[in-house]
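Enquirer: Listed below are the residues making up each chain.
Protein chains: 2
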Amino acid sequence: MNFSSKLLENAVNEFAKFPGIGHKTALRMVLNLLNQSATSVEKFTQAITELKEKVCFCKICRNISDQLLCEICTNTKRDSTLICVVEDIRDVMAIENTNQFNGVYHVLGGLISPMDGIGPSDLSISLLTERLKSGEIIEVILALSATMEGDTTIFYLHKKIKEFTINVSVIARGIAFGGELEYVDEVTLGRSIATRIPYENSLLK
Amino acid sequence: MNFSSKLLENAVNEFAKFPGIGHKTALRMVLNLLNQSATSVEKFTQAITELKEKVCFCKICRNISDQLLCEICTNTKRDSTLICVVEDIRDVMAIENTNQFNGVYHVLGGLISPMDGIGPSDLSISLLTERLKSGEIIEVILALSATMEGDTTIFYLHKKIKEFTINVSVIARGIAFGGELEYVDEVTLGRSIATRIPYENSLLK
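Chains as they are written, first to last, in my numbering: chain A, 407 to 611; chain B, 407 to 611.
Please keep in mind that the hints were generated in silico from the structure rather than gathered at the bench.
Among the clues, some could well be false.
If several chains are the same, the list does not tell them apart, and a pair holds so long as it fits within one copy or across any two.
Heads up, simulated EDC-like pairs for lysine to aspartate or glutamate below, C-alpha to C-alpha not over 20 Å straight-line [to be verified]:
| id | residue 1 | residue 2 |
| --- | --- | --- |
| 1 | K565 | E545 |
| 2 | K412 | D522 |
| 3 | K412 | D528 |
| 4 | K412 | E542 |
| 5 | K460 | E448 |
| 6 | K412 | E456 |
| 7 | K465 | E555 |
| 8 | K568 | E502 |
| 9 | K449 | E420 |
| 10 | K430 | E569 |
| 11 | K412 | D497 |
| 12 | K565 | E542 |
| 13 | K449 | E569 |
| 14 | K449 | E459 |
| 15 | K430 | D497 |
| 16 | K566 | E545 |
| 17 | K566 | E493 |
| 18 | K460 | E420 |
| 19 | K483 | E606 |
| 20 | K566 | E456 |
| 21 | K430 | D494 |
| 22 | K568 | E459 |
| 23 | K565 | E555 |
| 24 | K465 | D528 |
| 25 | K539 | D472 |
Can you make the complete structure from the sequences, with help from the hints?
Expert: Okay, structure coming up:
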């Protein structure tokens with residue numbers, strides 16, 4: 407792209423660094439900012455600066471929080487003997503939206519991925535094993551993506567957690583609700599038959 | 407969405423104000439920023455602040471520029487008797503990329519759109535008529551979108567410019583290069599037959 411202004415080019419390049427944002431979208435966003443008032447642009451940059459400076463990661467579960475401990479970990483109504491291990495805070499939000507889980511979380515901050523150079527030490531796994539040492543945990547649910555990285559991480563965590571004689575479970579994989587059988591891929595369909603459950607267990611309580 | 411942090415929610419809402427950016431994309435962008443180093447986040451906000459504070463709009467054509475006059479208007483090799491009127495600076499960049507135009511530009515900053523409350527006085531039309539008064543302009547090309555707003559603006563500008571006995575032209579409309587005839591809409595195809603040109607004129611010089 408030919409930019410008539412170096413300042414414009416800088417700003418567009420900064421926006422284009424985001425995943426999934428190309429140069430055309432970045433330009434549209436920057437021009438949108440230019441059309442806004444100086445105060446709303448300041449509000450925008452301030453929200454980012456404040457977030458970066460003041461945001462905390464919960465000392466227990468690594469969830470994003472405004473305090474040292476997050477709202478979920480400090481909520482006494484939640485079952486702290488049940489830990490759900492997730493990749494990042496988007497998964498926490500997704501599971502919270504289902505209203506099907508009343509335990510606490512542990513945010514790994516990624517998945518083991520040798521291809522990207524991410525090993526177990528890059529994730530908050532040692533923090534998780536510290537939590538398990540307390541002896542109060544009854545079950546750990548591994549709610550990770552059904553990808554190669556997810557499966558690798560599940561395999562690694564399962565071995566780690568088994569040392570503590572704690573129950574380890576994974577979330578169910580199968581056809582999605584509303585999914586038509588003929589469009590489901592073979593692996594998912596095959597596995598969903600192999601891991602079938604009694605009808606009574608499939609009903610929501 | 408349930409946010410575990412007010413700061414996070416603020417930042418996501420600010421990003422979600424951009425056109426075409428929903429809350430999920432905004433969250434992904436904010437989490438990406440959080441994973442970056444403090445210096446690169448500062449670089450990001452600084453690029454925006456600097457752009458907003460220091461950017462100029464060329465005094466002649468309203469193109470974005472770092473100086474009072476843009477590079478195109480100050481370039482003596484360009485034909486300043488030929489003005490191409492466009493909606494915004496993205497169109498300047500698009501036309502510059504074609505390498506088919508050696509005149510100068512005039513950026514309107516929008517199109518006449520009564521539905522959105524945008525009238526002729528909201529655009530840089532008076533600045534354009536000032537330029538025409540100099541008597542040096544031979545032709546004005548109206549390179550506006552083939553939409554209702556574009557056509558309204560063309561109609562209005564044509565009337566204005568005709569007062570100066572200056573040639574007014576519009577960019578050609580018809581089937582796109584590489585377009586297959588059977589998939590072209592009826593209006594475009596019908597107009598492209600009605601406004602056909604001699605074969606010799608269709609060849610690129």
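Enquirer: When no copy is named, should K449 and E569 be tagged within, between, both, or neither for a Cα gap of at most 20 Å?
Expert: neither (50 Å within a copy, 46 Å between copies)
Enquirer: How do K412 and E456 come out at 20 Å by Cα distance, when the copy is not named: within, between, both, or neither?
Expert: Between. Shortest inter-copy distance 11 Å satisfies the 20 Å Cα cut-off; intra-copy 27 Å does not.
Enquirer: Is it within a copy, between copies, both, or neither that the alpha carbon of K465 lies no farther than 20 Å from that of E555?
Expert: Cα proximity of K465 and E555: none, with 25 Å in one copy and 55 Å across.
Enquirer: I want to check one pair: K412 and D528. Are their C-alpha atoms no more than 20 Å apart within a copy, between two copies, both, or neither?
Expert: For K412 and D528, the Cα distance exceeds 20 Å both inside one copy (38 Å) and across copies (27 Å).
Enquirer: Pop the pair K566 and E493 into one bin, within, between, both or neither, using alpha-carbon distances up to 20 Å.
Expert: Cα proximity of K566 and E493: one copy only (17 Å, versus 61 Å across).
Enquirer: Taking 20 Å as the upper bound on the Cα-Cα distance, should K449 and E459 be classified as within, between, both, or neither?
Expert: both (15 Å within a copy, 14 Å between copies)
Enquirer: My question is about K460 and E448: at a cut-off of 20 Å on alpha-carbon distance, are they close within one copy, between copies, both, or neither?
Expert: The answer is both: 17 Å in one copy and 14 Å across copies each meet 20 Å.
Enquirer: At 20 Å max between alpha carbons, let me know whether K430 reaches D497 within a copy, between copies, both or neither.
Expert: Between copies only: 12 Å across chains, 30 Å inside a chain, cut-off 20 Å.
Enquirer: With identical chains, the pair K430 and E569 could be close in the same copy or across copies; at 20 Å between alpha carbons, which is it: within, between, both, or neither?
Expert: neither (52 Å within a copy, 38 Å between copies)
Enquirer: With identical chains, the pair K566 and E456 could be close in the same copy or across copies; at 20 Å between alpha carbons, which is it: within, between, both, or neither?
Expert: neither (37 Å within a copy, 50 Å between copies)
Enquirer: Classify it for me, K565 with E555: is the Cα-Cα distance of at most 20 Å met within a copy, between copies, both or neither?
Expert: The answer is within: 16 Å in one copy meets 20 Å, while 64 Å across copies does not.
Enquirer: Could you place K565 and E545 in one of the four classes (within, between, both, neither) given a Cα distance threshold of 20 Å?
Expert: within (14 Å within a copy, 77 Å between copies)
This entry does not satisfy hints 2, 3, 4, 7, 8, 10, 13, 19, 20, 22 and 25, going by the numbered hints stated previously.
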